[in-house]
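There are 2 protein chains.
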Amino acid sequence: MLEKIDLSKKADKETCRQVMEQEGERLARLQRECKAAGIPVMIVFEGMGAAGKGVQINRLIQALDPRGFSVYASNSSSEEERMRPFLWRFWIKTPANGRIAIFDRSWYRSVQADRFDGITKEEDLAGAYQDILSFEKQLTDGGTVIIKLFLYISKEEQKKRFQKLDDSKETSWRVTKQDWKRNKEYDTYLKINEEMLENTDTDAAPWTIIEATDKDYAAMKIRSTVAQRLAYELERRKAAAQKDGGAPEVRPDNRFKNGVLSGVDLSKTLTREEYKNELSHLQKKLEKLHSELYRLRIPVVLCFEGWDAGGKGGAIKRLTSHLDPRGYQVNPTASPNDIERVHHYLWRFWNNMPKAGHIAIFDRTWYGRVMVERIEGFCTEAEWKRAYQEINEMEAHMANFGTVILKFWMHIDKDEQERRFHERMENPAKQWKITDEDWRNREKWDQYETAVDEMLVRTSTTYAPWIVVEGNSKYYARVKVLRCVVEALEEKIKKAESAT
Amino acid sequence: MLEKIDLSKKADKETCRQVMEQEGERLARLQRECKAAGIPVMIVFEGMGAAGKGVQINRLIQALDPRGFSVYASNSSSEEERMRPFLWRFWIKTPANGRIAIFDRSWYRSVQADRFDGITKEEDLAGAYQDILSFEKQLTDGGTVIIKLFLYISKEEQKKRFQKLDDSKETSWRVTKQDWKRNKEYDTYLKINEEMLENTDTDAAPWTIIEATDKDYAAMKIRSTVAQRLAYELERRKAAAQKDGGAPEVRPDNRFKNGVLSGVDLSKTLTREEYKNELSHLQKKLEKLHSELYRLRIPVVLCFEGWDAGGKGGAIKRLTSHLDPRGYQVNPTASPNDIERVHHYLWRFWNNMPKAGHIAIFDRTWYGRVMVERIEGFCTEAEWKRAYQEINEMEAHMANFGTVILKFWMHIDKDEQERRFHERMENPAKQWKITDEDWRNREKWDQYETAVDEMLVRTSTTYAPWIVVEGNSKYYARVKVLRCVVEALEEKIKKAESAT
Chain X
0 MLEKIDLSKK ADKETCRQVM EQEGERLARL QRECKAAGIP VMIVFEGMGA AGKGVQINRL
60 IQALDPRGFS VYASNSSSEE ERMRPFLWRF WIKTPANGRI AIFDRSWYRS VQADRFDGIT
120 KEEDLAGAYQ DILSFEKQLT DGGTVIIKLF LYISKEEQKK RFQKLDDSKE TSWRVTKQDW
180 KRNKEYDTYL KINEEMLENT DTDAAPWTII EATDKDYAAM KIRSTVAQRL AYELERRKAA
240 AQKDGGAPEV RPDNRFKNGV LSGVDLSKTL TREEYKNELS HLQKKLEKLH SELYRLRIPV
300 VLCFEGWDAG GKGGAIKRLT SHLDPRGYQV NPTASPNDIE RVHHYLWRFW NNMPKAGHIA
360 IFDRTWYGRV MVERIEGFCT EAEWKRAYQE INEMEAHMAN FGTVILKFWM HIDKDEQERR
420 FHERMENPAK QWKITDEDWR NREKWDQYET AVDEMLVRTS TTYAPWIVVE GNSKYYARVK
480 VLRCVVEALE EKIKKAESAT
Chain Z
0 MLEKIDLSKK ADKETCRQVM EQEGERLARL QRECKAAGIP VMIVFEGMGA AGKGVQINRL
60 IQALDPRGFS VYASNSSSEE ERMRPFLWRF WIKTPANGRI AIFDRSWYRS VQADRFDGIT
120 KEEDLAGAYQ DILSFEKQLT DGGTVIIKLF LYISKEEQKK RFQKLDDSKE TSWRVTKQDW
180 KRNKEYDTYL KINEEMLENT DTDAAPWTII EATDKDYAAM KIRSTVAQRL AYELERRKAA
240 AQKDGGAPEV RPDNRFKNGV LSGVDLSKTL TREEYKNELS HLQKKLEKLH SELYRLRIPV
300 VLCFEGWDAG GKGGAIKRLT SHLDPRGYQV NPTASPNDIE RVHHYLWRFW NNMPKAGHIA
360 IFDRTWYGRV MVERIEGFCT EAEWKRAYQE INEMEAHMAN FGTVILKFWM HIDKDEQERR
420 FHERMENPAK QWKITDEDWR NREKWDQYET AVDEMLVRTS TTYAPWIVVE GNSKYYARVK
480 VLRCVVEALE EKIKKAESAT
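Chains as they are written, first to last, in numbering that gives the first Met the number 0: chain X, 0 to 499; chain Z, 0 to 499.
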């Protein structure tokens, strides 16, 4: 999930000055409004070491009336705290109505740093998550706004910052052995953090990832995120009080979208020669793996989503051409039929989940809920917002059963799509593939891009990752899909064999 | 929790005939209305072996239009089912809008029979519960009504029924070795079931306990429960559609209340001699245990609730009179003050939770939420209904930390209360104890009884049990409280010492 985030974002001084001033004024006003409305607010800063939590808290509070907030640093626990249940120290710090409590590290320690350090044992992890989820649910149900920020930097950036701190006498005490250990084992620590984000990203208390390489950019995004959320919550309460139904739409601030797709390098390509060689090599491998899957009773789910004309069909064709047809099934997903329409939206997909040892390929999937259904208003905002968690739960259930799940986003740019649309219109053999609706969808490209970016970040999990396929070159795309499938299956088979 | 249920309830033939007919007609009408409104309904039958699930399903469906429902028996899993993730078999059976699906045993097998049989391992239990909760939440969020019935009979009754089946050639095959094992280890199996009920009794999909000793009584209660729930859900949706806010009140059917309090034997008493001896003996024991607690760093929470003039104060006095005052604190709970009022309702109690090694005694507690606040309308219906789970979560968190939690309901009958009120009014030394409000509360005795019955059943957990104290005799009550505390502490200390 986090590897999808583009960490190179920067802000120039002038933009930063303007945004900070403008959002600062908004924030000050919103703080007064929250106070008047009696809304308690909790802002949580978590993130990688040296990502700048202290600096950013400081920059955030510049905009706030100091009589209205408290900052709590949750370092290692005090004697007083250790003598009471874990959540006690946070419960007693929950803010009164109208006040803001800011936490520099928080109740997430138990599933993050403490887990990495072996203080939280793996068998206690499920309970620790349950405690966190209950705690946040009780507070948000009771009217508290919880804003959770995760400050993210890369391994290299972290190393550089630790080094800099270490090199100076005044600051070297701030870098501990544990810090260096976390940098050295960055990937392990990152995975722990990703799991944390996946497990606790709820609709009532969602996480926002802050790209923290550039401090100005991070400060802007934090100020804007907090302001936006407070504005939303105030509006939501007003709407609820007037009973005119429904929460207000959250309009994401486009300046600060996570922008997964915009960072994709679409220039990748293969020659016809390379393509033919690789394709044939991978297809033969896959054929063998397929019978291994059957023997080991491993179920496989392969999901294909992407832009219209993004190359889903072509990739699926290359994937299946050497497979035993008794061992896989391709499930095309159209608009729901009459029977499907009167069931839960996930029901029809559950019906097509593969048996152990079989492969199910979905040409379009349950992700329609958070793309077309969201954009076209086929479901309510509450419904598609809830869907991220529902989908993650469904995929987790399958993964726990031993299912391999891979999800491909076939990505092309707008120009390439136009070229392909025209090609389809001009080629009589392909005309069936293009409809007026395709052109209409194309007009909503930006809306889709926002929805897809959000989908990729919120549903790319350790157990069911999204793979963005650079699709301008069909050759490159098809080979990448095949290679990813082959690698994932090889890994799973190796694990399954070593387990028996 | 279940031990609080009065299993002796019976119905006479004539009442049964009338109720079944009347509720049957209502149910048939409600089925048509649910169909018209497109509401999918799932009815789950779980319970102890030989509690009569089959018979009761049969009696329930007599009232229904057979074109509108399906019955699924979930015996051991089929080959097809084992090859897919556990929830698959239930997802594909979720009913279409307007249809009813009835489950004879269900997805609860994994945390119930399969757990008892060792098929579900203890380390997988948390995941199994998570799956169940997600499954039900996804469905109820999507509009499905889930009605869960737990058919309950005693060990003796079960044995009698197994024996009867076993004695006849035609039916002996129905009693398996596993059945007899579950009867023999009834208490273990009961505890597993209690945990299941505790963990999955959610606001959106609550459990109803069916006292199943008398089959007619059970049939009536089932029919009435289903009808009442459907009526409620239809009304709720209508209200939501008209946006006139709030769910309708659920009016419990008084014929079928669980009636914990009504079954309490208030004639228990002690002579002055017995009282003095026992009291002095137990107080000395408690004194010693108190220093053991301190040495072993065990925190203790003792909660006192009960009718006005039920004897809370007297019991607390006898409990603390021989304790070292540095090691305990009595927290009286009045209406929340200005500071408390602007925090989450649990905040003030969290603040008073004891340190490791200390005892906190609460004279009235967080249970005010589901009693006085519920009855006087100081909180919304959604709020007090949510509170059962919130309270259970809080107590579970403390219990996991190693806290001993006991909750006493000081019970007297209405006549005894009146006698005590008059005594207080006539005795100048006690006049301060009685106010007009006490008399007003007394007028709401029946409302309180309903609320207390529900509270006792929904929040008496394995880790924080309710103890109903027969309080008409003050001597008996005080000794019982002391004895329960002494026994619980002895047990905990024994466990703690064997762990070190």
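Do not rely on the hints blindly, as some may be mistaken.
If chains are identical, the list can't say which one is meant, so a pair holds when it fits in one copy or spans any two.
[To be verified] Straight-line distance between alpha carbons at most 27 Å, and here's what the computed BS3-like set of lysine-lysine pairs gives:
| no. | residue 1 | residue 2 |
| --- | --- | --- |
| 1 | Lys120 | Lys491 |
| 2 | Lys354 | Lys136 |
| 3 | Lys136 | Lys384 |
| 4 | Lys120 | Lys354 |
| 5 | Lys92 | Lys354 |
| 6 | Lys92 | Lys384 |
| 7 | Lys384 | Lys237 |
| 8 | Lys267 | Lys8 |
| 9 | Lys9 | Lys491 |
| 10 | Lys494 | Lys120 |
| 11 | Lys8 | Lys493 |
| 12 | Lys8 | Lys413 |
| 13 | Lys168 | Lys183 |
| 14 | Lys92 | Lys316 |
| 15 | Lys9 | Lys267 |
| 16 | Lys12 | Lys136 |
| 17 | Lys136 | Lys92 |
| 18 | Lys491 | Lys287 |
| 19 | Lys493 | Lys214 |
Don't read these hints as lab results, they were simulated from the structure.
So, going through the hints one by one against the coordinates:
{"no.": "1", "hint": "Lys120 with Lys491", "verdict": "both (26 Å within a copy, 23 Å between copies)"}
{"no.": "2", "hint": "Lys354 with Lys136", "verdict": "between (36 Å within a copy, 25 Å between copies)"}
{"no.": "3", "hint": "Lys136 with Lys384", "verdict": "both (16 Å within a copy, 14 Å between copies)"}
{"no.": "4", "hint": "Lys120 with Lys354", "verdict": "between (34 Å within a copy, 23 Å between copies)"}
{"no.": "5", "hint": "Lys92 with Lys354", "verdict": "between (50 Å within a copy, 17 Å between copies)"}
{"no.": "6", "hint": "Lys92 with Lys384", "verdict": "between (29 Å within a copy, 25 Å between copies)"}
{"no.": "7", "hint": "Lys384 with Lys237", "verdict": "both (20 Å within a copy, 24 Å between copies)"}
{"no.": "8", "hint": "Lys267 with Lys8", "verdict": "within (22 Å within a copy, 76 Å between copies)"}
{"no.": "9", "hint": "Lys9 with Lys491", "verdict": "neither (39 Å within a copy, 58 Å between copies)"}
{"no.": "10", "hint": "Lys494 with Lys120", "verdict": "both (23 Å within a copy, 21 Å between copies)"}
{"no.": "11", "hint": "Lys8 with Lys493", "verdict": "neither (39 Å within a copy, 59 Å between copies)"}
{"no.": "12", "hint": "Lys8 with Lys413", "verdict": "within (23 Å within a copy, 72 Å between copies)"}
{"no.": "13", "hint": "Lys168 with Lys183", "verdict": "within (22 Å within a copy, 71 Å between copies)"}
{"no.": "14", "hint": "Lys92 with Lys316", "verdict": "neither (58 Å within a copy, 32 Å between copies)"}
{"no.": "15", "hint": "Lys9 with Lys267", "verdict": "within (25 Å within a copy, 77 Å between copies)"}
{"no.": "16", "hint": "Lys12 with Lys136", "verdict": "neither (39 Å within a copy, 47 Å between copies)"}
{"no.": "17", "hint": "Lys136 with Lys92", "verdict": "within (16 Å within a copy, 30 Å between copies)"}
{"no.": "18", "hint": "Lys491 with Lys287", "verdict": "within (14 Å within a copy, 59 Å between copies)"}
{"no.": "19", "hint": "Lys493 with Lys214", "verdict": "neither (43 Å within a copy, 56 Å between copies)"}
Going down the numbered hints, you'll see the structure goes against 9, 11, 14, 16 and 19, while the others check out.
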